[in-house]
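When you get a sec, could you build the whole thing from the sequences and use the hints?
Here the protein sequences come in this chain order: Y and S. One gets the numbering used here by counting positions in the first sequence from 1 and adding 563 to each. One gets the numbering used here by counting positions in the second sequence from 1 and adding 78 to each.
To be clear, the hints were calculated from the coordinates, so they are not data collected in a lab. Careful, some of the hints might be misleading.
What the hints assert, rightly or not - Here are some, though not all, of the chain S residues that point toward chain Y, as calculated from beta-carbon distances under 10 Å:
#, residue
1, Tyr105
2, Gln243
3, Leu247
4, Arg248
5, Thr249
6, Ser252
7, Glu272
8, Tyr275
9, Val280
10, Asp291
11, Asp293
12, Arg296
13, Gly304
14, Cys324
15, Glu357
16, Ser360
Unchecked claim - Which residues of chain S face chain Y? A partial, calculated answer using Cβ under 8 Å:
#, residue
17, Ser158
18, Phe230
19, Thr237
20, Leu238
21, Ala240
22, Ala277
23, Arg301
24, Ser303
25, Cys359
26, Ala416
27, Tyr419
28, Val421
For every residue, glycine included, the Cβ atom is placed at its ideal position computed from N, Cα and C.
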Amino acid sequence: MQSLVIVAHGSHLNPDSATPTHTHADTIRATGAFDEVRTGFWKEQPSLREVLRTARGDDIYVVPLFISEGYFTERVIPRELRLEGWDPSLWDSDGISADTATLVASDIDKEVHYCGPVGTHEAMTDVLVRRAESVTGDPSVGEVSESADSEARQTESDGGFGFAVVGHGTERNEKSAKAIEYHTERLRETGRFDEVKALFMDEEPEVDDVTEHFDSEDIIVVPLFIADGFHTQEDIPEDMGLTDDYRDGYDVPTTVDGHRIWYGGAVGTEALTADVILERAADAGADIGDAIARVRQQTKPTTLVAGD
Amino acid sequence: MSAVESDLSEIQLAAFRETLAEEPIEYDGLAAEYDADEEAYHIETPEHQTSVSADDLGTVAAEQAAYITNWYFYTQQVGSEIKRAFCRWLELAEDHPVPDRYDALAAGIDREWGQLRITTTLADDGTRRYEVRHVDDSDANTDTLTTHTDPFDARDIGTLDADGQYRPLRTAPSLDSGWLFPDLTADEVYEAVEAFYPATVVNWHREQRGELDIDHWRDEQDRQSGIYNLITVLPDEAVEWATAACCDDSQCLKRREWELSEDEPLDADGGDGVFPCREPCSMVVAAGREWAKLEREDTQTYEFELTPSEKEQLEEIVDAVADDTVDEIREADLDESANRYRVRYLREKRFDDDGNLSGTPTRPDGDDNDGANDTDDHDE
Chain Y
564 MQSLVIVAHG SHLNPDSATP THTHADTIRA TGAFDEVRTG FWKEQPSLRE VLRTARGDDI
624 YVVPLFISEG YFTERVIPRE LRLEGWDPSL WDSDGISADT ATLVASDIDK EVHYCGPVGT
684 HEAMTDVLVR RAESVTGDPS VGEVSESADS EARQTESDGG FGFAVVGHGT ERNEKSAKAI
744 EYHTERLRET GRFDEVKALF MDEEPEVDDV TEHFDSEDII VVPLFIADGF HTQEDIPEDM
804 GLTDDYRDGY DVPTTVDGHR IWYGGAVGTE ALTADVILER AADAGADIGD AIARVRQQTK
864 PTTLVAGD
Chain S
79 MSAVESDLSE IQLAAFRETL AEEPIEYDGL AAEYDADEEA YHIETPEHQT SVSADDLGTV
139 AAEQAAYITN WYFYTQQVGS EIKRAFCRWL ELAEDHPVPD RYDALAAGID REWGQLRITT
199 TLADDGTRRY EVRHVDDSDA NTDTLTTHTD PFDARDIGTL DADGQYRPLR TAPSLDSGWL
259 FPDLTADEVY EAVEAFYPAT VVNWHREQRG ELDIDHWRDE QDRQSGIYNL ITVLPDEAVE
319 WATAACCDDS QCLKRREWEL SEDEPLDADG GDGVFPCREP CSMVVAAGRE WAKLEREDTQ
379 TYEFELTPSE KEQLEEIVDA VADDTVDEIR EADLDESANR YRVRYLREKR FDDDGNLSGT
439 PTRPDGDDND GANDTDDHDE
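Here's what the structure looks like:
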């Protein structure tokens, strides 16, 4: 019997914080790849302290639904799960290369496979691209000659798009910037977007000045965050000038300083994130059959499925 | 007992035979074994002792059939030891033998788990079915309730209270009503309860077996890092106040089993909940952090001028907020201290333009740091 345990931050204040965790758990549960899928939270119930005892598998895969390595993945989660003998060096990571470590969780006296966070997995780049596609409604966004839906894109320019990946910055966690830079570089390497840049909330280059950092008239902005909340729904839209008051909402796209901003919100809410969770578990040895392929297909926006 | 209608199905009989081919059965009042020499099945229940051939297994007395379907349900249909224990608790299995239980299950056996009312009933083949609704809806006509079939819907039902406010503590007694899971299997009722009240069944089960691991306040203090290190300086006296404030049955349905330490019990009542609380939760820790900040302040002597009624009014306002009765106060009920007009009048009369009671500055020395201005709960 094989169990997947998704662990996440959760919130005492924001009811939407746990939503992506639950949604992705449901998606994976529906694939039948695991005999059970459990969720545990730092701030909600079941707590990280008690989530493992709700899992009954012989093979338990724990995947942190976090953006980066750092305080939570290296210290809080292993401590709360009671992973005996844990040390961050077991991941042998340069800050973005954590994969898996197998340790006994003393809470249940069983070995568990403790995986690296979803945010630093290479498949997260694909989720950023998927979010770009879903926020523009164009499955070929950025690919000028191949765009299937020029109406949806309605670009005033030559069809090129800029892409801003937004993170917190290093103030709280040095490694969070590493994850941003990592995916920014990978997006750049695809050659699909004219410009790809990392922007930050609390350090230079700042997301507030997004239009100054791009020549492209169309800019896709996606925060590398797990859940929507205060930062992604209030701070960033207001800081970029999409709206004076987040409660009034904003259009997608919104024109700011002659640029059209396609703001995508937290990437972790994109359905394809479930795929990254599966990738993490598969990398750790989980036998999940063709679940990855099925989730990739199933989470495509309907406009894309219709075009297949 | 009355005649049991449950004929044994071929599937049940096959499982019975296959199990007995391996080993004897002893379960819940049923003892059975297969005698290969005689090619006979010896079946013993409280009222009958029979030996039958394989062909006659399907014709055993109703009482024995009930014991066999009971065995089949619990050993072949319910997936784990915890689920078995929970389902047995739901039908009061430890208190009543199978025939009595089957009689009672015909009408339905009700149990309460937090604010859930769970009713177990019996299908003809001995399979149990479960209905879950809010205890406040016990007498509600099912037509008036919103029906759900997916046990994971319980997660969404439990997210907001009746006023649409977020419930960060799922075990708070603020579960909204008006919904119904009319027909769940054993596995599904377990998942629904797990979604409403996460980890409560597994902790209850550990407690039942005498294996509940309790982490006391001092363990919790010792474990903290980051911003929650602050709870290490929370005075023990404040932990008393905190548990009385937060862990009371009026605030959380878990029964607090943790103390200051194993040798240092807390005076506050732990509550009467059916499921235990085995360590301070993240809400208590987060609250403890705020109180640790607030308790750093020294007391100060103030002089206020109030009428006796105004002093009482302030005390009753605190009670109304603490007991969450403000919304029950009628608009024009000026007898109530926390009535909005009464409170607004008091503010007009006794507060100055800066919001100071009786014009008395909070910090006469000009220090305006209130010491508790950090509302960010995301300690990443």
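Verification of the supplied hints:
Because the beta carbon of Tyr105 (chain S) sits about 21 Å from the nearest beta carbon in chain Y, more than 10 Å, this interface hint is broken. The interface hint given for Gln243 (chain S) holds, since its Cβ lies 9 Å from the closest Cβ of chain Y, which is under the 10 Å cut-off. Restraint check, Leu247 (chain S) versus chain Y: the minimum CB separation of about 7 Å is within 10 Å; hint holds. Proximity of Arg248 (chain S) to chain Y holds as hinted, the smallest CB-CB distance being about 5 Å (cut-off 10 Å).
For Thr249 (chain S), the shortest C-beta to C-beta distance to chain Y is roughly 7 Å, which falls under 10 Å, so the interface hint holds. Against a cut-off of 10 Å between C-beta atoms, the interface hint on Ser252 (chain S) is violated, since the closest Cβ of chain Y lies about 13 Å away. Because the beta carbon of Glu272 (chain S) sits about 7 Å from the nearest beta carbon in chain Y, less than 10 Å, this interface hint is met. At a threshold of 10 Å, the smallest CB-CB gap from Tyr275 (chain S) to chain Y is about 8 Å, leaving the interface hint in force.
The beta carbon of Val280 (chain S) is positioned within 10 Å of a beta carbon in chain Y (closest approach about 5 Å), and the interface hint is therefore held. The beta carbon of Asp291 (chain S) comes within 8 Å of a beta carbon in chain Y, closer than 10 Å, and the hint placing it at the interface holds. Interface hint at Asp293 (chain S): satisfied, since its Cβ lies 8 Å from the closest Cβ of chain Y, which is below the 10 Å cut-off. Of the supplied interface hints, the one on Arg296 (chain S) is violated, with its beta-carbon coming no nearer than about 16 Å to a beta-carbon of chain Y, more than 10 Å.
The interface hint given for Gly304 (chain S) is met, as the beta carbon of that residue sits about 7 Å from the closest beta carbon of chain Y, less than 10 Å. Annotation: Cys324 (chain S) was flagged as interfacial toward chain Y, and the flag is violated, the nearest CB pair being 13 Å apart, outside 10 Å. The criterion of a C-beta within 10 Å of any C-beta in chain Y is met by Glu357 (chain S), whose closest approach is roughly 7 Å, and the hint holds. A hinted interface residue such as Ser360 (chain S) counts as satisfied when its beta carbon comes closer than 10 Å to some beta carbon of chain Y; here the least separation is about 5 Å, so the hint holds.
Of the supplied interface hints, the one on Ser158 (chain S) holds, with its beta-carbon coming within about 6 Å of a beta-carbon of chain Y, less than 8 Å. The criterion of a C-beta within 8 Å of any C-beta in chain Y is met by Phe230 (chain S), whose closest approach is roughly 7 Å, and the hint holds. Interface hint at Thr237 (chain S): satisfied, since its Cβ lies 5 Å from the closest Cβ of chain Y, which is below the 8 Å cut-off. The beta carbon of Leu238 (chain S) is positioned within 8 Å of a beta carbon in chain Y (closest approach about 7 Å), and the interface hint is therefore held.
Given the 8 Å rule on beta carbons, the hint for Ala240 (chain S) is violated: about 14 Å separates it from the nearest Cβ of chain Y. For the restraint placing Ala277 (chain S) at the interface with chain Y, the shortest Cβ-Cβ distance is roughly 4 Å, inside the 8 Å limit, so the hint holds. Because the beta carbon of Arg301 (chain S) sits about 7 Å from the nearest beta carbon in chain Y, less than 8 Å, this interface hint is met. A least Cβ separation of about 6 Å between Ser303 (chain S) and chain Y falls short of the 8 Å threshold, and the interface hint therefore holds.
With its C-beta approaching chain Y no nearer than about 7 Å, Cys359 (chain S) sits inside the 8 Å limit, and its interface hint holds. The interface hint given for Ala416 (chain S) is violated, since its Cβ lies 25 Å from the closest Cβ of chain Y, which is over the 8 Å cut-off. Among the interface hints, the one on Tyr419 (chain S) is violated; its C-beta lies about 29 Å from the nearest C-beta in chain Y, farther than the 8 Å criterion. Among the interface hints, the one on Val421 (chain S) is violated; its C-beta lies about 26 Å from the nearest C-beta in chain Y, farther than the 8 Å criterion.
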